[in-house]
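Trainee: Let the hints inform the model, and build the full structure from the sequences given.
If you're matching positions, the sequence shown starts at -16 in the working numbering and goes up one per residue.
Hints in this document: simulated from the structure, not taken from any laboratory. There could be a bad hint or two in this list.
What the hints assert, rightly or not - Straight-line C-alpha distance at most 30 angstroms; calculated DSS-like pairs for lysine-lysine:
| no. | residue 1 | residue 2 |
| --- | --- | --- |
| 1 | Lys95 | Lys39 |
| 2 | Lys69 | Lys39 |
| 3 | Lys69 | Lys27 |
Claimed, not checked - Pair ranges (Cβ atoms, derived):
| no. | residue 1 | residue 2 | range |
| --- | --- | --- | --- |
| 4 | Gly87 | Gly24 | 17 to 25 angstroms |
| 5 | Ser103 | Gly35 | 24 to 32 angstroms |
| 6 | Asn34 | Thr65 | 14 to 22 angstroms |
| 7 | Leu11 | Leu36 | 29 to 37 angstroms |
| 8 | Gly53 | Gln10 | 17 to 25 angstroms |
| 9 | Asp9 | Arg77 | 30 to 38 angstroms |
| 10 | Gln32 | Ala85 | 16 to 24 angstroms |
| 11 | Ser103 | Asn34 | 29 to 37 angstroms |
All C-beta atoms, glycine included, are put in the ideal place defined by N, C-alpha and C.
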Amino acid sequence: MRKLMLILALVVMLVPLSAAVAFAADQLIYCKSVPCYGSGGDDKIYERQGNGLYDKIIMRGGHDLVLANGYTNDTDIVKGGTGYDKINVADGDRFDKASGGAGGDWCIVDAKREAGTGCSRVTVR
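Mentor: What follows is the structure, given as structure tokens:
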């Protein structure tokens, strides 16, 4: 009975700890400066808020999602890292550049010319 209580106590302590580690693996990043960098893990990265703002977003690894499609009349430069990345720069203008990294990236753009090297899949919207 004592061993069972000890095991139960360990489980109760370790479950919240493992949940915290799993939560820390995914970062939500709201860019505030230029350039803006990914964490190296699996990130969801948003461009800076506001129309007409230049953004440069550089991913550092992991499977990332970059959403640089919320504001228009701006130039968004996004460079993928290692891992499978989804890069969305389809914001209604044709001033952006989405370049994939070494991981088979999906680039979503307003015009074909916005897709740079490393985009293994390109969707024009």
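Trainee: Return holds or violated for the Cβ distance of aspartate 9 and arginine 77 against the range 30 to 38 angstroms.
Mentor: About 31 angstroms separates the Cβ atoms of aspartate 9 and arginine 77, which means 30 to 38 angstroms holds.
Trainee: Okay, asparagine 34 versus threonine 65 on CB: inside 14 to 22 angstroms?
Mentor: Violated, since asparagine 34 and threonine 65 (Cβ atoms, about 32 angstroms apart) do not stay within the stated range.
Trainee: Has the hinted range 24 to 32 angstroms been met by the Cβ atoms of serine 103 and glycine 35?
Mentor: holds (31 angstroms)
Trainee: Lysine 95 and lysine 39: Cα distance at most 30 angstroms?
Mentor: holds (19 angstroms)
Trainee: Would you check the hint for lysine 69 and lysine 27, treating anything up to 30 angstroms between C-alpha atoms as holding?
Mentor: Holds. Lysine 69 to lysine 27 sits at ~10 angstroms (cutoff 30 angstroms).
Trainee: With respect to the beta-carbon atoms only, verify the hint that serine 103 and asparagine 34 lie 29 to 37 angstroms apart.
Mentor: The hint (29 to 37 angstroms, Cβ to Cβ) holds, given that serine 103 and asparagine 34 are roughly 30 angstroms apart.
Trainee: Starting from lysine 69, check that the Cα of lysine 39 is at most 30 angstroms away, please.
Mentor: Roughly 16 angstroms separates the two Cα atoms, so the pair holds.
Trainee: Could you tell me whether the CB distance from glycine 53 to glutamine 10 stays inside 17 to 25 angstroms?
Mentor: holds (18 angstroms)
Trainee: May I ask you to test the hint 16 to 24 angstroms on the CB atoms belonging to glutamine 32 and alanine 85?
Mentor: The hint (16 to 24 angstroms, Cβ to Cβ) is violated, given that glutamine 32 and alanine 85 are roughly 30 angstroms apart.
Trainee: Given a hint of 29 to 37 angstroms, does the C-beta separation of leucine 11 and leucine 36 actually sit inside it?
Mentor: violated (19 angstroms)
Trainee: Between the beta carbons of glycine 87 and glycine 24, is the distance compatible with 17 to 25 angstroms?
Mentor: The hint (17 to 25 angstroms, Cβ to Cβ) holds, given that glycine 87 and glycine 24 are roughly 18 angstroms apart.
The structure is inconsistent with the numbered hints 6, 7 and 10, although it conforms to all the rest.
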